[in-house]
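Assemble the complex: chain P is given as a structure, and chain D must be docked to it using the hints.
Each chain, letter by letter, is given below.
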Amino acid sequence: MKPLSNRLKEASKNTLGSLVVVIPMLIAIIGLVGLFETLITPEMLHSLFSGSTVKDMIIGTFAGGVSVGQPFLSYIIGGELLQEGVSLYAVTAFILSFVTLGVVQLPLEYSLFGARFTIMRNLLSLIFAFLVSFATIEVMGILQ
Amino acid sequence: MLGIVALLYLLTFLLDPSSAKASALAALKTLEMIAPILLIVFFLMALLNTFINPKKIAKHLGKESGFKGWVIALAGGILSHGPGYIWYPMLSDLREHGARDGLIVAFFYARSIKLPWLPLMISYFGFAFTALLAFFVLLGAWLQGVMVDIFNAQKSNP
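Here the protein sequences come in this chain order: P and D.
According to numbering that gives the first Met the number 0, the first sequence holds residues 0 to 143 in order.
According to numbering that gives the first Met the number 0, the second sequence holds residues 0 to 157 in order.
Any given hint might turn out to be false.
Simulated pairs of lysine to any residue, SDA-like, Cα-Cα distance not exceeding 20 Å [unchecked claim]:
id	chain 1	residue 1	chain 2	residue 2
1	D	K28	P	F71
2	D	K20	P	T37
3	D	K154	P	T117
4	D	K113	D	I36
5	D	K28	P	F35
6	P	K54	P	E137
7	D	K55	P	P2
8	D	K113	D	S79
9	D	K113	P	G78
10	D	K55	P	E9
11	D	K154	P	R115
12	D	K62	P	R115
13	D	K28	P	I26
14	D	K113	P	Q69
15	D	K28	P	L25
Partner residues are not named here, just some residues of chain P that face chain D (Cβ under 10 Å, in silico) [to be verified]:
id	residue
16	S17
17	E36
18	L38
19	G68
20	P70
21	L111
22	M119
23	L130
24	A134
25	M139
Hints are computed from structural coordinates only; laboratory data are not their basis.
A virtual CB, placed ideally from N, CA and C, is assigned to each residue, including glycine.
If we strip away everything but chain P, and leave its shape as in the complex, we get (with noise of 0.2 Å):
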């Protein structure tokens, strides 16, 4: 086994090359957050949901995958969506894809984990937003 400090060395420029790598990614990603934040507002997501159950969850579920910034963003406007009348089902998958999908971070993802990664762990988290809204709902009106 190498001693430790050519081990340290050759893991610090193992993790620096990675960081060249990955740093204008990540630069670029963190300035397409800032105009998504600006350029996608609450008001205009509020005015895509239509009334309509499954529209709304698939509306719901795209409009999770746009939007960007902290978790605790998708909460409060999904609370603002609730008391407007929008359903659970479709607040319960706007907060699941606000996480989990993000268009944002495609090209990041696509970069270091290749096409067929990314296309399927997000085609899952897509069709889990319904099926994890779904299931939640419905149990919860089965305790209640």
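Same frame as chain P, now just chain D:
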């Protein structure tokens, strides 16, 4: 990609300078927020590269990791802070060292449970909703991981 984003900022600036300024400020705020977490991620990466050899990663997170692998992935997802993309470099590193895709997918989905924000979620949607959602997120994360492992096994052994 950096060039495209710069171009988008330039376009936004030409169309609406105040939006471009607000976007740049929002981006700086995000950078300020994630910088400490990013440092921790890269520190963890250096530690992993120094002290944990690929054989150990393959043992704990690879094909033979079993129940323990799922626990590590799900707990890691719940405990990880900050936006998902800052964890990409470390996860990609682990993947190159033998961690399997199913566990990485499970890690990502389990990140929907945000421990520090649970009290806020309870105050908005109630305890029953929050508990059930957390339960189904964990179940969903595990199921997605299992599905990805099955897809990958089918791809390598058609």
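Hints, one by one, checked against the model:
{"no.": "1", "hint": "D:K28 with P:F71", "verdict": "16 Å, holds"}
{"no.": "2", "hint": "D:K20 with P:T37", "verdict": "10 Å, holds"}
{"no.": "3", "hint": "D:K154 with P:T117", "verdict": "16 Å, holds"}
{"no.": "4", "hint": "D:K113 with D:I36", "verdict": "15 Å, holds"}
{"no.": "5", "hint": "D:K28 with P:F35", "verdict": "13 Å, holds"}
{"no.": "6", "hint": "P:K54 with P:E137", "verdict": "18 Å, holds"}
{"no.": "7", "hint": "D:K55 with P:P2", "verdict": "19 Å, holds"}
{"no.": "8", "hint": "D:K113 with D:S79", "verdict": "9 Å, holds"}
{"no.": "9", "hint": "D:K113 with P:G78", "verdict": "17 Å, holds"}
{"no.": "10", "hint": "D:K55 with P:E9", "verdict": "18 Å, holds"}
{"no.": "11", "hint": "D:K154 with P:R115", "verdict": "11 Å, holds"}
{"no.": "12", "hint": "D:K62 with P:R115", "verdict": "19 Å, holds"}
{"no.": "13", "hint": "D:K28 with P:I26", "verdict": "12 Å, holds"}
{"no.": "14", "hint": "D:K113 with P:Q69", "verdict": "10 Å, holds"}
{"no.": "15", "hint": "D:K28 with P:L25", "verdict": "14 Å, holds"}
{"no.": "16", "hint": "S17", "verdict": "5 Å, holds"}
{"no.": "17", "hint": "E36", "verdict": "4 Å, holds"}
{"no.": "18", "hint": "L38", "verdict": "7 Å, holds"}
{"no.": "19", "hint": "G68", "verdict": "9 Å, holds"}
{"no.": "20", "hint": "P70", "verdict": "5 Å, holds"}
{"no.": "21", "hint": "L111", "verdict": "4 Å, holds"}
{"no.": "22", "hint": "M119", "verdict": "6 Å, holds"}
{"no.": "23", "hint": "L130", "verdict": "7 Å, holds"}
{"no.": "24", "hint": "A134", "verdict": "5 Å, holds"}
{"no.": "25", "hint": "M139", "verdict": "6 Å, holds"}
In this structure, none of the earlier numbered hints is contradicted; all agree with it.
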